[in-house]
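Position 23 of the sequence shown, counted from 1, bears residue number 23 in the UniProt record's numbering, the numbering being contiguous throughout.
Keep in mind the hints are simulated off the structure, nothing from the lab.
The structure presented is a predicted model; accordingly, all values stated were derived computationally and were not measured.
Beta carbons are placed, not taken as given, at the ideal position from N, Cα and C, and that holds for glycine.
Errors might be hidden in some of the hints.
Ranges between beta-carbon positions, derived for each pair [as the list claims (entries may be wrong)]:
(1) Ile89 with Lys31: 18 to 28 angstroms
(2) Lys18 with Glu58: 39 to 49 angstroms
(3) Gly8 with Glu61: 28 to 38 angstroms
(4) Lys25 with Glu79: 23 to 33 angstroms
(5) Glu58 with Arg20: 32 to 42 angstroms
(6) Lys24 with Asp66: 16 to 26 angstroms
(7) Lys83 with Gln17: 35 to 45 angstroms
(8) Gln22 with Glu61: 17 to 27 angstroms
(9) Thr47 with Glu21: 31 to 41 angstroms
Think about it this way: if two alpha-carbon atoms lie no more than 25 angstroms apart in a straight line, the pair counts; the simulated BS3-like pairs of lysine-lysine are [stated by the list, open to error]:
(10) Lys9 with Lys83
(11) Lys9 with Lys64
(12) Lys9 with Lys24
(13) Lys54 with Lys43
(14) Lys36 with Lys23
(15) Lys9 with Lys23
(16) Lys83 with Lys54
(17) Lys65 with Lys23
(18) Lys83 with Lys36
(19) Lys9 with Lys36
(20) Lys54 with Lys25
(21) Lys65 with Lys54
(22) Lys35 with Lys65
(23) Lys36 with Lys65
(24) Lys24 with Lys43
(25) Lys9 with Lys31
(26) Lys64 with Lys54
(27) Lys23 with Lys54
(28) Lys36 with Lys25
(29) Lys35 with Lys54
(30) Lys24 with Lys36
(31) Lys35 with Lys24
(32) Lys36 with Lys54
(33) Lys25 with Lys35
(34) Lys65 with Lys25
(35) Lys54 with Lys31
(36) Lys9 with Lys65
(37) Lys24 with Lys54
(38) Lys35 with Lys23
(39) Lys24 with Lys64
(40) Lys35 with Lys9
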Amino acid sequence: DIGDIIRGKDLFRGYDQKDREQKKKIQDNLKEIFKKIYDNLMKDVTTNGKKGQKSAEELQERYKKDDDNYYQLREDWWEANRKEVWTAITCEAGSDSQYFRATCGGSGKTGTLTSKQCRCAANLYPPTFLDYVPQYLR
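Given the sequences, and given the hints that come with them, work out the whole structure.
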């Protein structure tokens, strides 16, 4: 799942050496991307501090345990952007595309299949609630 890959929590180890090398390459690229995001965030906070915005010290404290993997920043980024990512992924889906399970509406154990571009609620909201269900339970 893309959320697990971005957050560095993908359980897939790879079928062979080629898969493992590809996964490492993806994770290395994500580390570099999130390093740039972190550097830009710290630059913006120190030069453009606004009322109500976190200070550089607060952000450094929040992300200090991240070392060079930026796991907390990746979690925060995914939380802030997952709806837009899902929308981007599904915007070109055919109007007859359906999500693989009954995920919309209902209460308790019931639900209905998504309709139109794998989204719920009159095609407005992609189903993002499975993002935090552990992979082995999906």
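Mind listing which of the numbered hints don't hold for this structure, in increasing order?
Per hint list: 3, 8, 20, 24, 27 and 37 violated.
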